[in-house]
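The chain contents come next:
Protein chains: 2
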Amino acid sequence: MDKIQKRLLEEVADLHEIPAGAYNIRANGQMTARNTTASINIVSKEGKSGIDIRIKPGTKKESVHIPVILSKSGFKEVVYNDFYIGNDCDVVIVAGCGIHNSGALDSQHDGIHRFFVGRNAKVKYVEKHYGTGEGYGKRILNPVTEVYQEEGSYVEMEMVQIKGVDSTIRTSKAVLSKGAKLVIKERLMTHGKQKATSIYEVELKGEFSNADVISRSVAKDYSNQSFEANIIGANICNGHAECDAIIMDQARVLSIPKLDARHMDAMLIHEAAIGKIAGEQLIKLMTLGLTEKEAEECIVNGFLK
Amino acid sequence: MDKIQKRLLEEVADLHEIPAGAYNIRANGQMTARNTTASINIVSKEGKSGIDIRIKPGTKKESVHIPVILSKSGFKEVVYNDFYIGNDCDVVIVAGCGIHNSGALDSQHDGIHRFFVGRNAKVKYVEKHYGTGEGYGKRILNPVTEVYQEEGSYVEMEMVQIKGVDSTIRTSKAVLSKGAKLVIKERLMTHGKQKATSIYEVELKGEFSNADVISRSVAKDYSNQSFEANIIGANICNGHAECDAIIMDQARVLSIPKLDARHMDAMLIHEAAIGKIAGEQLIKLMTLGLTEKEAEECIVNGFLK
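If you're matching them up, the sequences are chains Z and U in order.
With this note's numbering applied, the first sequence has no gaps in its numbers, which climb one by one up to 305 at the end.
With this note's numbering applied, the second sequence has no gaps in its numbers, which climb one by one up to 305 at the end.
Everything labelled a hint here was simulated from the structure, so no lab data went into it.
Take these hints with a grain of salt, some might be off.
Said to hold, decoys possible - Here are the simulated EDC-like pairs of lysine to aspartate or glutamate, each with C-alpha atoms no more than 16 Å apart in a straight line:
hint	chain 1	residue 1	chain 2	residue 2
1	U	K276	Z	D265
2	Z	K185	Z	D244
3	Z	K220	U	E296
4	U	K284	U	E296
5	U	K220	Z	E10
6	Z	K163	Z	E10
As the list claims (entries may be wrong) - Which chain U residues stay away from chain Z? Per the calculated CB distances, all over 12 Å, these:
hint	residue
7	R187
8	I214
9	R216
10	R252
Since we're looking at a predicted model, the values are computed, not measured.
Cβ coordinates follow ideal geometry from the N, Cα and C atoms, glycine included.
The following block holds chain Z by itself, in its conformation from the complex (with noise of 0.2 Å):
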């Protein structure tokens, strides 16, 4: 793995190294590395590209990193994994995607994810994105998400968007069971001429079923970002989705949360804020000796924290 891997991998999985566990690491298309546990078994899909993840019922404190990075500028790719998460497991999954581009052609990478989550399972789920290079050729990720939660499972989803990757469309559905109860955290930020878009469609079925989907984001320069949340309350449940955008320079932000409540115990809540940073927190950090310029990077980092 060279240098310029190396880097994609830490900002993409925080790995330094190695990581404990199980894993399997694709680069440009190949996997070049994979260890299962007695636990995690990963296997390569037959027919299409991706894999499986079986975790056995009851594996606690176990993680699974499976990042991917594309350096050769023009590979795309679609990849299909599926996450067979056992009853009672409590683990952590990575996934992400770094994708370097220095050439002329553009670089996709579509990761299609499928969860199924048994019962009472807890699950943190991380997924960061990033784009480097200096080429023209664009880089660009449209993941697809699916979660089906059964009885009493935990899911908590961070989603990361940060830095490079110019175009974006995000997709994640899920549905929830009987006590189900899904987090996502969204942080995003857009720069240059960047497009995301994030679609989120979330379904309590179940009763006692519980979503919450929080998005944070900035959007500089004449970037333009585009937030779908459609929270379907169809049982007695709780659903809440909260989205604030910083807005910068000419960039655009549009958000289009829906709440649908199909029943009259569905107890749905929405809120969202969009506007430029307050110009007092600005003075504030310019008195302590801070430019204009890092004293907005410092509010901005603290805002996607």
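Fit chain U to the known structure of chain Z by using the hints.
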């Protein structure tokens, strides 16, 4: 005017007698009464149904009532009304439509209203929709409202649909110039198998323009409500939308606010909540001697006030 027509007039325009000021009363497609004043002129359109209402610049503390009533089952009409409100006016405009349908055929009134609001003018606009009659024929209202606000103008719109309208699609659009302010207050109740759709699009085009869209609704029985509010911030501006709904029985409520920030100094905020009547509120009122039904009604009425 018969008893039914008088009742409709009362409901939609709070009129117990002939109003003071300018008015135009339309019943079953015919103008039945009209009054103009020195400052407010009403002229029938040529070539199509409807009227032009011209209010002289500087007109203060005057009102225009233009209620429409339909009591003939199966009657359908599209009416075009244009309001030209001069600079520095301060006026109240009351428009409303009441349909009594005791027959088997659908009755429908579609009012297409345009408001051209002059500089620094102040307008309070009230629009009430109401339906009665035990016939199988539906009572349908599809109003379209367009508001063009010049510099410094203030428009307050009260859109009320309390009872008896089987199907409505309300489409409202506003474009605000510099320093203009728009306040929309919607109150809606649906019952039975009624369907109601409200679509608002407010473009904050001028600097320091300001919009506040507040919707409160109650959905009972098998009724179906959809609320869309699109606030476009195209300049330094403030936009706020709030949508609260009480859902009961087998009803469905869909809320789709859109915040579209196209300028870094646009400050846009949205809040929405859909839920049922709080149990504690019901119990409190019931301990005071009300039946559950009465307690519910009391809470709903308070919420829609």
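Here's how the hints hold up against the structure:
{"no.": "1", "hint": "U:K276 to Z:D265", "result": "holds, 6 Å"}
{"no.": "2", "hint": "Z:K185 to Z:D244", "result": "holds, 12 Å"}
{"no.": "3", "hint": "Z:K220 to U:E296", "result": "violated, 49 Å"}
{"no.": "4", "hint": "U:K284 to U:E296", "result": "holds, 11 Å"}
{"no.": "5", "hint": "U:K220 to Z:E10", "result": "violated, 54 Å"}
{"no.": "6", "hint": "Z:K163 to Z:E10", "result": "holds, 14 Å"}
{"no.": "7", "hint": "R187", "result": "holds, 18 Å"}
{"no.": "8", "hint": "I214", "result": "holds, 15 Å"}
{"no.": "9", "hint": "R216", "result": "holds, 15 Å"}
{"no.": "10", "hint": "R252", "result": "violated, 5 Å"}
Violation of the numbered hints given earlier is confined to hints 3, 5 and 10; the remaining hints are satisfied by the structure.
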